[in-house]
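For the record, the sequence lines run as chains A and B. Going by the working numbering, the first residue of the first sequence is number 2, and it counts up by one from there. Going by the working numbering, the first residue of the second sequence is number 17, and it counts up by one from there.
Mixed in with the good hints, there may be bad ones.
[As the list claims (entries may be wrong)] If the Cβ cut is set under 8 Å, some of the chain A residues that face chain B in the computed set are:
no.	residue
1	Y5
2	E8
3	E20
4	T37
5	E56
6	K63
7	A66
[Said to hold, decoys possible] Selected chain B positions facing chain A (in silico; Cβ < 7 Å):
no.	residue
8	G72
9	K124
10	N125
Don't read these hints as lab results, they were simulated from the structure. None of the values given here were measured: they were computed from a predicted structure. Here a beta-carbon is modelled for each residue, glycine too, at the ideal position from N, C-alpha and C.
Next come the chains, spelled out residue by residue.
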Amino acid sequence: MKKYGIEVDCANCALKMEEAANKVPGVVKATVSFMTQKMKVEFEEGADETAVMQEVLKACKKVEADCEIFL
Amino acid sequence: MNMTTKQKKVFWRILLTIPVLLIVHLLPLEGWLNGIFYLIPYLLIGYDILKKAVRGIWNREIFDENFLMAVATVGALLLGEYLEATAVMLFYQIGELFQSVAVGKSRKNIADLMDICPDYANVETKEGQWKETDPDEVPVGSLILVKPGEKIPLDGTILEGVSCLNTAALTGESVPRDVKAGDDVVSGCINLSGVLKIRTTKEFEDSTVSKILELVENSSMHKAKSEQFITKSAHYYTPAVCYSALALALLPPLIRILAMGMEAQWSVWAIRALTFLVISCPCALVISIPLSFFGGIGGASAKGILIKGANYLEALAKAECMVFDKTGTLTKGVFEVTEVHAQEGFSEEELCRIAANAESFSNHPISRSLVAYYEKQSGITPEQESVSEVEELSGYGIRANVDGKPVWVGNRRLMEQMGIAVEPMGEAAVVYVAVQGKYAGCMVLEDREKPQSLEAMQRLKQAGIRKLVMLTGDVKTVAEKVAARLGMDEVKSELLPEQKVGQVEVLLKEKTPGHTLVFVGDGINDAPVLTRSDVGISMGALGSDAAIEAADIVLMDDNPLKVAEAIRISRKCLRIVYENIALAIGVKGICLVLGALGIANMWLAIFADVGVMVLAVLNAIRCLEFNKK
Numbered sequence: 002m003k004k005y006g007i008e009v010d011c012a013n014c015a016l017k018m019e020e021a022a023n024k025v026p027g028v029v030k031a032t033v034s035f036m037t038q039k040m041k042v043e044f045e046e047g048a049d050e051t052a053v054m055q056e057v058l059k060a061c062k063k064v065e066a067d068c069e070i071f072l
Numbered sequence: 017m018n019m020t021t022k023q024k025k026v027f028w029r030i031l032l033t034i035p036v037l038l039i040v041h042l043l044p045l046e047g048w049l050n051g052i053f054y055l056i057p058y059l060l061i062g063y064d065i066l067k068k069a070v071r072g073i074w075n076r077e078i079f080d081e082n083f084l085m086a087v088a089t090v091g092a093l094l095l096g097e098y099l100e101a102t103a104v105m106l107f108y109q110i111g112e113l114f115q116s117v118a119v120g121k122s123r124k125n126i127a128d129l130m131d132i133c134p135d136y137a138n139v140e141t142k143e144g145q146w147k148e149t150d151p152d153e154v155p156v157g158s159l160i161l162v163k164p165g166e167k168i169p170l171d172g173t174i175l176e177g178v179s180c181l182n183t184a185a186l187t188g189e190s191v192p193r194d195v196k197a198g199d200d201v202v203s204g205c206i207n208l209s210g211v212l213k214i215r216t217t218k219e220f221e222d223s224t225v226s227k228i229l230e231l232v233e234n235s236s237m238h239k240a241k242s243e244q245f246i247t248k249s250a251h252y253y254t255p256a257v258c259y260s261a262l263a264l265a266l267l268p269p270l271i272r273i274l275a276m277g278m279e280a281q282w283s284v285w286a287i288r289a290l291t292f293l294v295i296s297c298p299c300a301l302v303i304s305i306p307l308s309f310f311g312g313i314g315g316a317s318a319k320g321i322l323i324k325g326a327n328y329l330e331a332l333a334k335a336e337c338m339v340f341d342k343t344g345t346l347t348k349g350v351f352e353v354t355e356v357h358a359q360e361g362f363s364e365e366e367l368c369r370i371a372a373n374a375e376s377f378s379n380h381p382i383s384r385s386l387v388a389y390y391e392k393q394s395g396i397t398p399e400q401e402s403v404s405e406v407e408e409l410s411g412y413g414i415r416a417n418v419d420g421k422p423v424w425v426g427n428r429r430l431m432e433q434m435g436i437a438v439e440p441m442g443e444a445a446v447v448y449v450a451v452q453g454k455y456a457g458c459m460v461l462e463d464r465e466k467p468q469s470l471e472a473m474q475r476l477k478q479a480g481i482r483k484l485v486m487l488t489g490d491v492k493t494v495a496e497k498v499a500a501r502l503g504m505d506e507v508k509s510e511l512l513p514e515q516k517v518g519q520v521e522v523l524l525k526e527k528t529p530g531h532t533l534v535f536v537g538d539g540i541n542d543a544p545v546l547t548r549s550d551v552g553i554s555m556g557a558l559g560s561d562a563a564i565e566a567a568d569i570v571l572m573d574d575n576p577l578k579v580a581e582a583i584r585i586s587r588k589c590l591r592i593v594y595e596n597i598a599l600a601i602g603v604k605g606i607c608l609v610l611g612a613l614g615i616a617n618m619w620l621a622i623f624a625d626v627g628v629m630v631l632a633v634l635n636a637i638r639c640l641e642f643n644k645k
């Protein structure tokens, strides 16, 4: 389980990011909190966390172009 | 004003666009050349919207606001309405920036109020040194040091030190709480005066702070019905308005040519269709409604009322019947001596002294109440040296020698067993005292109402709660007395925990549809009822995991006035949501009709879109009330 700071403007966009992140392979569970501007990611065993997070960022940018994840 | 880099960029683009637009507007240009010059401010202000619209089409997520704006403004440009096209984009960006800053500011305000997360813990190392450690990495049973001004990072028990704690961030209560060695403390409190050494009892993940943060963070996932309605209808709404606009652009001219033999006026209808598109942008609703709920939940959590989702806030606002547990919820859950009846030959003080002395070795709650009463009345602690041969008769009471005389202190059964005749008292908890085999008097104990209970019930009545019900396992006489004092409408007594669920089910059937039943309990033994009712509120949750788990709304302290406060917040929040729905739909509806008839022009359309959004956002911010503590 790792926590990342994010930048997202609205609660709905945060939810979209969460949905997108959860679909990325290697992610067991991702939760995005708009209130605290944080994303919690639980990775699969043995997953390359940096590579997975790059994919998560890409997936999030696709649904919400303005968002940012501070890796 | 604090803006993110992204917001600042938009801000400067807006500032730059205005003079450029003015200059272009004043240039003596005609026709296509004019249009090309207008492209400078238009693209400056709108390039990202166009990009997002294209990307949306590419990702098959068309029909969002960006798409609407792009179609409307590009259409206006093609029709030669250059100034209008640029202005629509400009005002749309101003509105977006405004709401983005407003949302960000509300978010930050709530996050600051809920700033209970500790950054570090001072942990004792093997060498006996103190080391700053991430609270996440502190194992159970570690010794931590908390200096004045620091947050308690983990739940634990105080080993050493005396201090007072500020629990405001958790409970919303500003009165500090005194603590000493042996007391359990919860994380998130701020240590105010003394240095405390604490033995941790939980890992960070299980500690109060984590539980609360998780609850608050997850609350945005439970959407209210009105919120769901907006998101769902947005799926149909935007395509619907797009097709309507298309129909408005095509059908009237065709009818004019084919059926009425008139001039088609293609451009007139095309502009009306574009105006229609701008007006219909759903931003005001899409943004303001989640913001209202977010503000309401955030404002409530700053007051120690944690709401697990917008749906519960909505349900709470529709409360019609409120069911309360008695012990620990409306009453203190602690027995207090309320009456002393001394027989002839004994004074009341003497009776209390004998009882307190005899009971001073016992840990039974009633024993402690007797001792506490004696200490309060006389100002002295029981003289344990005057007591000897203490024997605790479980289920009956105590036998001891006080001042050398044999004394029996206990319930009626004890007296009957001893063959001592006593005066009959109807109450549930009566302690009889006999000295040297002779009845000396009795003391009546009661579980008293909390000082705020009466006011809380009155406020709920004023708020229009139709039925206040009390459920209790206590005996009828006591229950009815308490209920009468608090002005409850109904009372059900002598219930076993599982019978409470049955009672709630009956009440659920009786309520009017569209309204809700709220159950308030202390989280002990009432998880089934909390789940069964429409909204379950548990109070006094500070340190009780079960209560946090089972309830929909959690009150961090055990003040019943918070229930009334929660109702007030929920009602206010819902009212603001409905105001915004009415405002947005009303203004847009009128403008849509005017636009279709050709009375409203593009400028009115901009107001209907951006103006309404700004008003709705300003209104939604009222839900926050972060200044009122």
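Right, here's what the structure says about each hint:
no. : hint : result
1   : Y5   : violated, 14 Å
2   : E8   : holds, 6 Å
3   : E20  : violated, 11 Å
4   : T37  : holds, 6 Å
5   : E56  : violated, 16 Å
6   : K63  : holds, 6 Å
7   : A66  : holds, 6 Å
8   : G72  : violated, 9 Å
9   : K124 : violated, 9 Å
10  : N125 : violated, 11 Å
This entry does not satisfy hints 1, 3, 5, 8, 9 and 10, going by the numbered hints stated previously.
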